[in-house]
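Protein chains: 2
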Amino acid sequence: MIYLDCASTSLIKPISVSDAVCNAMSGNFGNPGRGSGSSSLESSRLLLDARKNIGALFSIKSPDNVILKSSVTESLNTLMIGLLKKGDHVISSVMEHNSVLRPLERLRQNGIITYDLLGADDFGRIKIEEIRNLEKKETKLIVLTHASNLCGTVQDITSARQVLRNKDIFIAIDAAQTAGYIPVNINELSADAIAFTGHKGLLGPQGTGGFIVNDRLDSEMVPVFTGGTGSDSSSLSHPMFLPDKYEAGTANIPGIAGLSAGVNHILEEGLDSILSKSRDLMIYFLDELERFSYINLHGLNCNEGRIPCFSLTVNDLDPSFVSYVLDNEFGITTRSGLHCAPLAHRVFGTEISGSLRISFNHMTNEGDIDALFSAFSMLKGVSHD
Amino acid sequence: MIYLDCASTSLIKPISVSDAVCNAMSGNFGNPGRGSGSSSLESSRLLLDARKNIGALFSIKSPDNVILKSSVTESLNTLMIGLLKKGDHVISSVMEHNSVLRPLERLRQNGIITYDLLGADDFGRIKIEEIRNLEKKETKLIVLTHASNLCGTVQDITSARQVLRNKDIFIAIDAAQTAGYIPVNINELSADAIAFTGHKGLLGPQGTGGFIVNDRLDSEMVPVFTGGTGSDSSSLSHPMFLPDKYEAGTANIPGIAGLSAGVNHILEEGLDSILSKSRDLMIYFLDELERFSYINLHGLNCNEGRIPCFSLTVNDLDPSFVSYVLDNEFGITTRSGLHCAPLAHRVFGTEISGSLRISFNHMTNEGDIDALFSAFSMLKGVSHD
Numbered sequence: 174m175i176y177l178d179c180a181s182t183s184l185i186k187p188i189s190v191s192d193a194v195c196n197a198m199s200g201n202f203g204n205p206g207r208g209s210g211s212s213s214l215e216s217s218r219l220l221l222d223a224r225k226n227i228g229a230l231f232s233i234k235s236p237d238n239v240i241l242k243s244s245v246t247e248s249l250n251t252l253m254i255g256l257l258k259k260g261d262h263v264i265s266s267v268m269e270h271n272s273v274l275r276p277l278e279r280l281r282q283n284g285i286i287t288y289d290l291l292g293a294d295d296f297g298r299i300k301i302e303e304i305r306n307l308e309k310k311e312t313k314l315i316v317l318t319h320a321s322n323l324c325g326t327v328q329d330i331t332s333a334r335q336v337l338r339n340k341d342i343f344i345a346i347d348a349a350q351t352a353g354y355i356p357v358n359i360n361e362l363s364a365d366a367i368a369f370t371g372h373k374g375l376l377g378p379q380g381t382g383g384f385i386v387n388d389r390l391d392s393e394m395v396p397v398f399t400g401g402t403g404s405d406s407s408s409l410s411h412p413m414f415l416p417d418k419y420e421a422g423t424a425n426i427p428g429i430a431g432l433s434a435g436v437n438h439i440l441e442e443g444l445d446s447i448l449s450k451s452r453d454l455m456i457y458f459l460d461e462l463e464r465f466s467y468i469n470l471h472g473l474n475c476n477e478g479r480i481p482c483f484s485l486t487v488n489d490l491d492p493s494f495v496s497y498v499l500d501n502e503f504g505i506t507t508r509s510g511l512h513c514a515p516l517a518h519r520v521f522g523t524e525i526s527g528s529l530r531i532s533f534n535h536m537t538n539e540g541d542i543d544a545l546f547s548a549f550s551m552l553k554g555v556s557h558d
Numbered sequence: 174m175i176y177l178d179c180a181s182t183s184l185i186k187p188i189s190v191s192d193a194v195c196n197a198m199s200g201n202f203g204n205p206g207r208g209s210g211s212s213s214l215e216s217s218r219l220l221l222d223a224r225k226n227i228g229a230l231f232s233i234k235s236p237d238n239v240i241l242k243s244s245v246t247e248s249l250n251t252l253m254i255g256l257l258k259k260g261d262h263v264i265s266s267v268m269e270h271n272s273v274l275r276p277l278e279r280l281r282q283n284g285i286i287t288y289d290l291l292g293a294d295d296f297g298r299i300k301i302e303e304i305r306n307l308e309k310k311e312t313k314l315i316v317l318t319h320a321s322n323l324c325g326t327v328q329d330i331t332s333a334r335q336v337l338r339n340k341d342i343f344i345a346i347d348a349a350q351t352a353g354y355i356p357v358n359i360n361e362l363s364a365d366a367i368a369f370t371g372h373k374g375l376l377g378p379q380g381t382g383g384f385i386v387n388d389r390l391d392s393e394m395v396p397v398f399t400g401g402t403g404s405d406s407s408s409l410s411h412p413m414f415l416p417d418k419y420e421a422g423t424a425n426i427p428g429i430a431g432l433s434a435g436v437n438h439i440l441e442e443g444l445d446s447i448l449s450k451s452r453d454l455m456i457y458f459l460d461e462l463e464r465f466s467y468i469n470l471h472g473l474n475c476n477e478g479r480i481p482c483f484s485l486t487v488n489d490l491d492p493s494f495v496s497y498v499l500d501n502e503f504g505i506t507t508r509s510g511l512h513c514a515p516l517a518h519r520v521f522g523t524e525i526s527g528s529l530r531i532s533f534n535h536m537t538n539e540g541d542i543d544a545l546f547s548a549f550s551m552l553k554g555v556s557h558d
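Just so you know, the protein sequences line up as chains X and S, in that order.
Be aware that the first sequence starts at 174, since it is given in the working numbering, and climbs by one per residue.
Be aware that the second sequence starts at 174, since it is given in the working numbering, and climbs by one per residue.
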């Protein structure tokens, strides 16, 4: 099987990741922060190591500011619902995933917030400068994707703060598609929070994710979900210190063990090496693609300013049909459809039939891409049958 | 190591559970409901099987009414926050875990709800009949623990509906401590929702849990967290059909694979067999306990109407000290402290120093209990040093 759907999930993990998950199922990891038994302490150490690894990746110093959740979706919801109050205004963009758009829309429908969306150019680049026109005195938050899950365009996040008149407006980044692919540095991005998923570029298991939050943003947030934390147990009020404030309930120890191993793999390999490998693969992919006049690329036609995630349409063929044939005839996994980013599709005019998404990572090899284009060559015949 | 903290987490899992988790990390399980690739379909099948297994355990017919979340805490929050509106009144009890009490307290502090708590007798039995005094026309929900995580007392949930004047009030059960231990039948309990955790009696991994909800309750609930579901992707509004309504974001496939295997283990062994084994162990435990006049049992002094979870104090010794010595000197894991149930401790007068909790399951053996009491014998010496 050839897997070219890494933007959905990094199906093939480093062996250290599955080893860590299996090891955490071996009966040595109890409930962290509950009791003083050795198995409980073992889990507490594992959690701290995970926070340190993740903190190192995102350049945040205090491990307590690394919040572990079950997904980037839960993280983005926690950030937005936890921060926004009645009357607040939010600026986001048309390039967002439904994990940003749907919570915003729900908050709007409930009469809590209003929001405006920045547009995007023909290559899927968010028009950051439009912030000038949209910023209001009620604007509390800017929430933006770091790279589009549809077309792979990396966004110029750094400019957001520069464009803002009120520099105190919070900036939260959805790094679902970039963490583990390119540097995501909370300071360089001038962000207050970064939400991430564990099972894509970070090479961890599904069911993991979280967010990094600085103290300034945290101080204005409340937790959405509360419950047992193993701390302040005598109080009916949920503790307001990090990380417990946002982590009610038992932690996903096997998942976090795997996530920590995935992040460790990235730190050890180094983002420079990962970037270099994926850049070479993107050049190879784009060179091959040029030979196919009947395949349209929606997004940046270069290897700069993007991650290895490409949105394609194949002439008059339905993308779902192409994806189906690639899977069933050639054993190549891709993704078709609307990719949970309905407004981004409108930028490219693919909102009706969607597109074929090809996405890979630094562990993909040229042979996989050869197989794809070899299949594409034969696919032309299919369309003429 | 001897493990007697099963009420925290079932540290030792059936081999089929860790096998299922490791198998789900093998690279064959993609993102369910996203794309038509074989790895995606494999995950969709796994999810459906898990829902069927869990549905069978709780006696709910439609797998779609089985909602998979990351913990019982997240499930209880989703149920309460998703249902309750401004002005609603809730009845709960002093025997609840903080996963019920803290969300209720937060909703109260936010001016959304009011709530009243049923008391408990000296054995930790909730005074269900007090519902008569507490029920108001604003009462929307009764939320009760099925068994105390402190003293193991199983509650007479069935009576709640009988006592209610308004039979339409919703009843939600926290089955964190009972699922996998004793029958938890949504119909027999006359409940509308049952929240469960995956990593205790159900023998699955940490980071799993969920809730069962009937259509009547679901129809009055809204989702708290929204986002990508792989369904209705063109819409900015979150889908309102089950299970997607409450399951935004990528599912925890390895965790759910393990949970499904754990539930399958229980279904194959049969609850009758599990009940019989744990009853024998409880009789053995209580017989041994009688020999120790300086150990106080807080809760039911019999094997009926309880699960194998016992709250003890050892004369004048601090429970944390006892737990520490048991772990460090004898390799026996127990739990000390307040067990995230602050009001339940007041019932037994253990709200200051907490108690020593001994909890086991049907996979525990008599030798483990012998080791505990052997340690207790020597502990008496420790207290006199």
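Since the hints were derived computationally from the structure, they do not count as laboratory data.
Predicted model only: the values in this text are computed from it and were never measured.
You may find that some hints are simply not true.
Treat identical chains as interchangeable: a pair holds within one or across any two.
DSSO-like mimics (lysine-lysine), calculated; alpha carbons at most 30 Å apart, straight line [as the list claims (entries may be wrong)]:
| # | residue 1 | residue 2 |
| --- | --- | --- |
| 1 | K450 | K234 |
| 2 | K310 | K340 |
| 3 | K259 | K225 |
| 4 | K310 | K259 |
| 5 | K258 | K450 |
Structure-based check of each hint:
1. K450 - K234: within (28 Å within a copy, 50 Å between copies)
2. K310 - K340: within (12 Å within a copy, 49 Å between copies)
3. K259 - K225: neither (35 Å within a copy, 41 Å between copies)
4. K310 - K259: both (14 Å within a copy, 29 Å between copies)
5. K258 - K450: neither (44 Å within a copy, 53 Å between copies)
Hints 3, 5, counting from the list given before, are not met by this structure.
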